[in-house]
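Residue numbers (my numbering), protein chains in the order written: chain F, 1058 to 1332; chain X, 1058 to 1332.
None of these hints come from the bench; they were simulated from the model. Hints should not be assumed to be uniformly reliable.
Not everything, but these chain X residues come out facing chain F in the computed CB check (under 8 Å) [unchecked claim]:
1. E1185
2. G1209
3. T1218
4. L1223
5. Q1239
For glycine and all other residues, C-beta sits at the position ideal for the given N, C-alpha and C.
Listed below, chain by chain, are the residues.
Protein chains: 2
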Amino acid sequence: MNKKELLQLIIKKRSFLCVGLDTDIQLIPQYLLKYPDPVFEFNKAIIDATIDLAIAYKPNLAFYESMGLSGWASLEKTMKYLNQFKGQVFTIADAKRGDIGNTSKMYAKAFFEHLDFDSVTVAPYMGEDSVKPFLEYKDKWVILLGLTSNKGSNDFQFLETGNGKLYEQVITKAQQWGTPDQLMFVIGATHPEAFKHIRQLAPDYFYLVPGVGAQGGDMQKTCENGLSADCGLIINSARNIIYASKGEDFAQAAQKSARKTVEEMANYLPVFSKE
Amino acid sequence: MNKKELLQLIIKKRSFLCVGLDTDIQLIPQYLLKYPDPVFEFNKAIIDATIDLAIAYKPNLAFYESMGLSGWASLEKTMKYLNQFKGQVFTIADAKRGDIGNTSKMYAKAFFEHLDFDSVTVAPYMGEDSVKPFLEYKDKWVILLGLTSNKGSNDFQFLETGNGKLYEQVITKAQQWGTPDQLMFVIGATHPEAFKHIRQLAPDYFYLVPGVGAQGGDMQKTCENGLSADCGLIINSARNIIYASKGEDFAQAAQKSARKTVEEMANYLPVFSKE
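Same shape as in the complex, but just chain F (with noise of 0.2 Å):
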């Protein structure tokens, strides 16, 4: 998908709403456990009920991983089926991979050849060849981890360089990596004052936007200060929507509660003129 296409998508939505399929077997109804794939029945129905108001699903891979083989063949279900919607919903392997060229570029396949995802989460640590492979694919896109929402955001993404703190060195050097047609930030919520500030360093590019709900990023201040004439921002919401009942109603109140977001967000999108 392109950012054209990504663009269409918000607008004829009037979202920007990404649901992060945190899926835990834990957490989900007791009465999904009857079927093969619990998993994926319950990652099914949340998408089948949220279709309409997301943009966007954010599979979160270690919740995959931690069930070994079956949560990766929950995960490629998942995939599986998603790509029945393309051009509907924007996909986002939330991996945070990253590693030297050779190996990079394995995980570049992995995610944008064999499960198809449109984009992947990508960690800055260890610098460009390990974010390249993944900016070789046409149409395809990298999250690339600026400002996270976490507590540990304050550990050294803070750092003075001399020349900016490091996050602000990182979302300044990956421009000259990627276009803001292939490349975009992770920058949590939690962080909302900051985004006005990142707004100006990068003010073609999308962020991707984690924190807000269970972290205690605030959607307001976030959308004030970082909504962009082409929108600019995608916002993750998961336990808030994806465990929003533990009943046998889970996937309604999913849609009850996406919808209460995306109708918070539509009062900050501006209007775009090609509506």
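Add chain X to chain F, keeping to what the hints say.
Here is chain X on its own, set in the frame of chain F:
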């Protein structure tokens, strides 16, 4: 495996060689394709041929993930096989993971519980709470990226932070999170000059050293500058060993290449009082 047991292994084998299982189905001898799981057959033959020489094995996750479900099946089989040699080898999941706390916890579950690795490589960008969940397992290890072997290590790791370079900050700060009995650092052999200084920063920690061989790192300088009284180094070699021959004699060729490397290593290894 704890630090004492690791050192006993090094003393017994007079080796600190790790064999990198970067197994690429396109590079293994073609006659293996007749087996139901060619990647596992290859790994098993390499392990059998080098088990008396190597103290560690390091599957590189990207190579398995690139094959999807069948790759994960090969990885699980390889780990089941390696875990039959418990106490005789140290196992490393080269995965470069790291995410917010609840997600790192899931990765820890994947690698330490499900696959039962002794250690996992972790990226430091997201800070303390992204690393801690891995440190909560007794006798399991985090191997944190310090100074990596690739060209991109120059992009951020050498940035001056006002209190040392970024990689020095990482190595210094992480020692507050984990002891030398549960934490190691990745230090690339392509920076042999940095080892002396790093050894002063973290005198009692083990370093996992990639970059000898195909990436051009210098074994002699690495050993002269990096060895500690407790050895303190695990040197990885992948391509030079596992692809020493592309014919049916690949396992014997791997053994020969591993033996040559171990003989070179033994020259630098101190004589331990317990020997």
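Hints, one by one, checked against the model:
A distance limit of 8 Å between C-beta atoms decides the matter here; for X:E1185 the minimum to chain F is near 5 Å, and the interface restraint holds. Evaluation of the X:G1209 hint against chain F yields a held restraint, the C-beta minimum of about 2 Å falling below 8 Å. Below 8 Å, beta-carbon pairs count as interface contacts, and X:T1218 has one with chain F at about 4 Å; its hint therefore holds. Using the Cβ-Cβ criterion of 8 Å, the hint placing X:L1223 at the interface with chain F is satisfied: the shortest such distance is roughly 7 Å.
The interface hint given for X:Q1239 is violated, since its Cβ lies 18 Å from the closest Cβ of chain F, which is over the 8 Å cut-off.
Checked against the numbered hints given earlier, this structure breaks only hint 5.
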